[in-house]
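The opening residue of the sequence shown carries number 6 in my numbering; numbering runs sequentially from there.
Be aware that one or more of the hints could be misleading.
[As the list claims (entries may be wrong)] Only pairs whose alpha carbons sit at most 25 Å apart, straight line, appear in this in silico PhoX-like list of lysine-lysine: (1) Lys30 with Lys71; (2) Lys279 with Lys327; (3) Lys151 with Lys195; (4) Lys279 with Lys253; (5) Lys361 with Lys327; (6) Lys195 with Lys253; (7) Lys253 with Lys327; (8) Lys400 with Lys361; (9) Lys253 with Lys151; (10) Lys33 with Lys71; (11) Lys382 with Lys361; (12) Lys146 with Lys71.
Honestly, the hints are just simulated from the structure, not real lab data.
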Amino acid sequence: LDEIIDIIGQAQQEDGYLHTHVQIKGLKRWSLVTNHELYNSGHLITGGCIHHRVTGQRNWLDIAVKHADYLYEVFQPRREELARFGFNPSQIMALVELYRTTRNEKYLELAGIFVDMRGSVPMDLHPSVPYWFTGDQCQMKTPLRKEVQAVGHAVTGFYLYAGAADVYSETGEQALIDALDRVWSSAMGKKMFLTGAFGQVHHGAYDDYNMVHEAFVDDYLMPNSTSYNETCANIAGAMFNWRMLNIKGDARYADLMELALYNSALVGISVDGKRYFYANPLRMNHGQREYTDQCDCTESADREPYIECFCCPPNLERTIAKCSGWAYCLSDNGITVNLYGGNRLDTTLRDGTALKLTQETEYPWDGLVTITVEQCKTSPFEIMLRVPSWAKDAKILVNGE
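Full structure from sequences and hints, please.
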């Protein structure tokens, strides 16, 4: 990693800008939203924070800080012509993570600015915005705090909602969580497939002003054979639920995380870990959705070793790597058990005391879960167990009783 990080540092411009697609092709910065400059910024910054957390080193984190400082200078003035560039907003989650890592409040401020800029500009298209970005496609028609439903591109929507949840968790702004509650109810209650998947259409229309792509559409319009259900969208839905779980402590969010992890996320990778699905329709008719003549593998009937739009494979890999961190949460005086699976937990409760336990299970093939507490404090504390919403007649035994 150090060798790779050194190369990344060499590619970074003196002012902090870093986007190899733009740099290698000699393109003008911030000239076209679909160059995904801020999307890649988000992964760069998140990677720096996680690398620092794991290793204690600053070499990647320093690159991330330099880049975030550059973004602050560019976007803090809220120039109208740049308002749409955050449309695929991994950078909001990343900036909050950088704030948590460095405690520099300007990164939280910038994350909030990216939330504020959604729906803040007229619908007339700027030259930097392709024609298909009209309306709700990128959640730009309505300011988030006024939104009443999940709209537009499913991935960019959930990244926005997850990022806004991160901002709320640091600011406590009531208008934000009220909007997120409305959006959550819309997405999970009226626009989610049985597998926990999202993205009802590849291409479609939503009212008289919206051409949408890989998107949410009308309530309960759930076609099996023409659904899109992008792997990234399904993962992003779990990411949003993870944040809502942390905010509210309600088991229903963990239910949906589990649903996606076992179904609409895991389906995106082959058993040998070498081939991937981008779209995951619930029904595939032979020859109906294969675009191999256009070098587009996003709707292949078979998992592919390489996909031209390569967002889903690494997103799936990082989700498998990090979902162990979703298994438990700290409560006021103990822990919650969110996900079940064989594991060992070695943690510190909020009062500073140690807790070590082992979870043994054949879940999901068998519902028996055994938790053995190996070290804990002597005074009472809580272990709150999620009873899955699908489970009937669940029983909890303590020392066999």
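- [ ] Sort out which numbered hints this structure fails and list those numbers smallest first.
- [x] Violated: hints 4 and 12.
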